[in-house]
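With the hints as extra help, turn the sequences into a complete structure.
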Amino acid sequence: MRPVDAMLEVLRDEGVTRVFGNPGTTELPFVEAVTAAPDLHYVLGVQEASVVAMADGYARATGRPAFVSLHIAAGLANGMVGLLNAGRSRTPLVVTAGQQDRRHLAQDPMLSGDLVGMARAVVKHTFDVQHAHDLPGMLRRAFALAVQPPAGPVFLSIPMDLLEEETAIDPPAPRSVRCGLGPAAGWPEAAEKLAAARHPAIVAGDGVGRDGAVAELVALAEALGATVFHQPMHDGVDFPTTHPLHAGMLDARHSAIRSALEGHDVVCIAGTRAFMAHHYEPGSPIPAGTEVVQLDDDPAEPGRTFPVALGLVGGIRVTLGAMAAQLAGKVPEAPGRAAEAGRVHEAARARVRARALAGYGDAPMDPLAAVHAIAAGLPADAVVVEEAITSGLLLRSVLPLERPRSYVHTVGGGLGSGIGAAVGTRLGDPTRPVVAVLGDGCTLFGLQGLWSAAHYGVPVTFVVMNNGEYRTLKETAARRERGRAARRRAGGLDLVPPRLDLAPARDFLGLSGAPGGPDGLDLAPPELDFTRLAGFFGITAVRARSTAHLAETVAWAAGQPGPVLVDVPVTRHAHPA
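UniProt numbering puts the sequence shown at residues 1 to 577.
Everything labelled a hint here was simulated from the structure, so no lab data went into it.
Keep in mind it's a predicted model, so treat the numbers as computed, not measured.
All residues carry an ideal CB built from backbone N, CA and C; glycine is no exception.
Where hints are given, some of them may not hold.
To be verified - In silico lysine to aspartate or glutamate, EDC-like type, Cα no more than 16 Å apart, as pairs: (1) LYS193 to ASP298; (2) LYS330 to GLU192; (3) LYS193 to ASP265; (4) LYS330 to GLU189; (5) LYS124 to ASP298; (6) LYS124 to ASP265.
To be verified - Here are the simulated distance ranges between beta carbons: (7) LYS330 to VAL46: 54 to 60 Å; (8) PRO364 to GLY263: 39 to 45 Å; (9) TYR42 to GLU189: 50 to 56 Å; (10) THR17 to PRO299: 30 to 36 Å; (11) SER284 to VAL344: 22 to 28 Å; (12) GLY538 to GLU333: 27 to 33 Å; (13) ALA256 to GLU527: 33 to 39 Å.
This is the structure we're talking about:
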């Protein structure tokens, strides 16, 4: 068996039916073999960042590792932003890149590079394949490592000439059966501590959603009558957002997390990668006097960034299920706590709905009203892929999320993933409509993914929140200014560097507004018309005229046989006071 044939056999045995790639000369032996195989489909992307984003969305939708083929050093470099996202979001990927022919690597040929060294910073493990007989075993190990907690991308560098060898090698060994983690040791003690709490709370992390443990967490929360928060900037549905016990998403600031958890004597943190605060603030996110029970399938997490009373390592679903069964009907205060929390949380949600409805009107639309209209137009079984940054925060406040795997986001921070992730999500589960809610800046980062959507006719609705500005930078600048003002009032030292002069960059980019001021981060002129962009790729496009038209368009687009782009002109968000 040739090395490339053994490679395809491993892919088949691991359940791979699609290969996501952007090929080059060093991958030609593999691409030729894949395209000749009737049971393997090569999904082409025209830029590697979009390729990895598609694979990320596909892996999340299918629950299996996705396979990616990148092109040598430059292609790997383009794909690294997606690998960073996949690693932070714990998405299992197996990624290969074709290395130059080994017979002239010493001459530093064109396109070659230290592929393993480049990848090492953004993947959980690397393999430098140097012998044909090692390829099947290393590829098999890559699939096993990709799903082993904490899940993430694994990389293999495969020289071009190795795949072309005619050397016969043994067929790959059968796939090993791998069992999931069992209940965490110490869970009965954790259950007792939660049952004895006066004011218990739960932080639902993305590990809950990844492990299919939403129902078990709901059962535990109801048994305790515990208030439930989503982790900051959660990547998926980890608890139903319409549930009476759901108190919303924690803000990604230590002071805000402390404030939200204040008064809760015991907090169960399940499947959360620390708290991933965005901006530095001093102090712990845990209030003084609050005890933490932390559960994760990654042994490095419990107690990593704050002390815990009990650190549990094991399967998240089975551990939550065991605690829920142990506590069912054993906490007499639970019904009263749940009723009171339901009144408080529903009143808060009603206030947000009222503000959104009050903003309904013609374009340019109020951002909160616009995302409310999008939510109103969604099919009941839709998957929302969100990469809208500031509008995404508003969307989370009005979007009812009840069904697991209905929300896709990444905490990785690499912009431009939303379009590709939406395409991959629909390819992974064609039974559910997919709506991508994108910021205009994020759309510009990931435009190449629209080519794949159009080329394969993938029915995804791309909704672009078009406010023509770098809103998140403005809000960060305003927050920094408020901090400086507070320090001046307190008589403290202001160690923040002076404001940057953005005039040169503004002039170069043709941006409007006063140098260094908030308006210096605008994207206009010229006005961005995303319907014209969609036309370039041959994608049907609509510009929303009003909130009512927007809701109707989203509902209509979800039933179309191919991709649709909806351009949503929105007003600029109110500058934070």
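Outcome of the hint check:
no.: 1; hint: LYS193 to ASP298; result: 22 Å, violated
no.: 2; hint: LYS330 to GLU192; result: 10 Å, holds
no.: 3; hint: LYS193 to ASP265; result: 10 Å, holds
no.: 4; hint: LYS330 to GLU189; result: 15 Å, holds
no.: 5; hint: LYS124 to ASP298; result: 13 Å, holds
no.: 6; hint: LYS124 to ASP265; result: 36 Å, violated
no.: 7; hint: LYS330 to VAL46: 54 to 60 Å; result: 58 Å, holds
no.: 8; hint: PRO364 to GLY263: 39 to 45 Å; result: 41 Å, holds
no.: 9; hint: TYR42 to GLU189: 50 to 56 Å; result: 51 Å, holds
no.: 10; hint: THR17 to PRO299: 30 to 36 Å; result: 33 Å, holds
no.: 11; hint: SER284 to VAL344: 22 to 28 Å; result: 26 Å, holds
no.: 12; hint: GLY538 to GLU333: 27 to 33 Å; result: 60 Å, violated
no.: 13; hint: ALA256 to GLU527: 33 to 39 Å; result: 35 Å, holds
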